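Fit chain B to the given chain A structure using the hints.
If you read the protein sequences in the order shown, they are chains A and B.
Add 187 to a position in the first sequence, counting from 1, and you land on the number used in this note's numbering.
Add 98 to a position in the second sequence, counting from 1, and you land on the number used in this note's numbering.
One thing to keep in mind: the hints can contain errors.
Partner residues aside, some chain B positions facing chain A, computed with beta carbon under 7 Å [claimed, not checked]:
#: 1; residue: R126
#: 2; residue: P177
#: 3; residue: Q185
#: 4; residue: T227
#: 5; residue: L230
None of these hints come from the bench; they were simulated from the model.
Computed from a predicted structure; not experimentally measured.
Cβ coordinates follow ideal geometry from the N, Cα and C atoms, glycine included.
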Amino acid sequence: MGTQRKGAIVGYAEWPTVRRYDGPRRFMLEQWMDLAAEALADAGLALEDVDGLVCGTLREANMFVPATVVEYLGQPVKFAEFVDLGGATGTGMLWRAAAAIELGLCDVVLCALPGLPIPSNPDPRDRPPPEARWLGSTSNAWGSPQAEFEVPFGNVAQNAGYAMIAAHYEARFGSCERARAQITTQQRASAALNPLAAFYEKPVTIDEVLASPMIAEPLRLLEIVMPCAGGAAVVLASPEKAKRSPHRPVQITGYGESLTIKTPTFAEDLAVTPVAAAAATAFARAGTTPAAMDLLALYDCYTITVLLTLEDAGFCPKGTGAAFLAERDLAFDGDFPVNTHGGQLGVGQPGLAGGLLQPIEAARQLMGRAGPRQVRDVNRALVTGTGGVMSEQVALILEGA
Amino acid sequence: MTETLLAPLAPKMTPTSAPFWAALEEGRVVLQQCDACEAWVFYPRPRCPRCLSAALAWKPVSGRATLTTWTHCPRPTAPPFTGLAPQTLAVVTLEEGVRMSTFLLETAGRTLELGMALAPRFVPTEDGTATLLAFAPA
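Chain A with its partners taken away, still in its complex shape:
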């Protein structure tokens, strides 16, 4: 099934993810240009080959983002998208790019998400309001249901929402505390081998995770991603253009997306996440199954996200994720490799770019470029992205050509 003209990842750029960035500050448009240059060089392609572009939010433009980037890069395109899916933006960008290539709309698509700090603005009137720091993914604009029915109750940003999902899950299926700590510990062990990770050479033990401060019960500090600086970009190409890349093309053979709610208060079932529908669509489109995956790269804003994704994507039945994990080793050389770069729990979260680190790690592994953490005989990977508080999820099937 499917079309013969699959879009493939042929190159990428990933900047080191750091907790405190002290390098030169650049506007996001300037970072876009740097990321484009690095990713195209990696892909063996030139700017003039690019005829498609997918963008996320920019600090420098509230509207007309793609045209702004096109003009800045100096390269006209035949296909442009603006994706606004929070943590699922990166994966959402990639399937849109792959679909555009499948449809024959374009041949080479550039996707970038800058995440370094921009220059501090000398004009105080131009700075974001102080509440922007604690609102996170919550809108406090007049007319937003969140401004009226969430913010006054303290249900702001992401921690409380994910905690309430985890608490509801535990009330129904029992404690998953140790399994969640295992996710952090095994991913941090992988990050300890990843020089691009904020927690490079900094593993933690399960006891250290369980002893870290309680933030919102049942979630502890080391189960929550650390905000960082970084940036990432991916180049996708048609089969003809992919021949120019020095790397094994990594085709996006399946993709699915599901949006259900903005705030989990309104989720039909708080224990079931949108990746259930997204992964089912992606596996069907690729004509494959969870059991056929050699590698998983799962969006991990919180430990509970990984556990619920494993269940909802079909790796184990609902309510059994903790028992499933207890018998598995998520390391690159384990029996069930998950987030071999460390995930965002190990790498850090460079803003929206965090959602590109999962697909980049899967592509790196499928290309055979993962160095000391290379998984052997890896040909198929499931990649997920999660936006908001389990609001929207994307699943991708990546296959080495």
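Just chain B now, with coordinates in the frame of chain A:
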């Protein structure tokens, strides 16, 4: 004591939701119900999110609910809530089946459980412009 509790942030009310907030000022709970498909609707909207009928009517309800989930937060979830720490945030399901975000009061010495019965509590905001709907174990 909880009787003197004031909520630090007021809701940004809209014309559509005004009857909901006006009722809370009087210690009553009202919800919209769809005349066409009988669905209960929360948060307030101009049309039913199940059938898109505009025939929504405000109905008085008991305010009784059950606990769907909760999180005890030793640290404030945002700077304005520093004085309220520790907060216990919750999602509750009203008798009519609608869910809402809220916080719990009077939980000292109580074991919180999925599905436990809750009764409404009416909590004014610091600026005196609104009353929030909180809950306590029934």
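Comparing the hints with the structure gives:
| no. | hint | result |
| --- | --- | --- |
| 1 | R126 | 18 Å, violated |
| 2 | P177 | 6 Å, holds |
| 3 | Q185 | 5 Å, holds |
| 4 | T227 | 11 Å, violated |
| 5 | L230 | 6 Å, holds |
Consistency note: the structure conflicts with the earlier hints numbered 1, 4.
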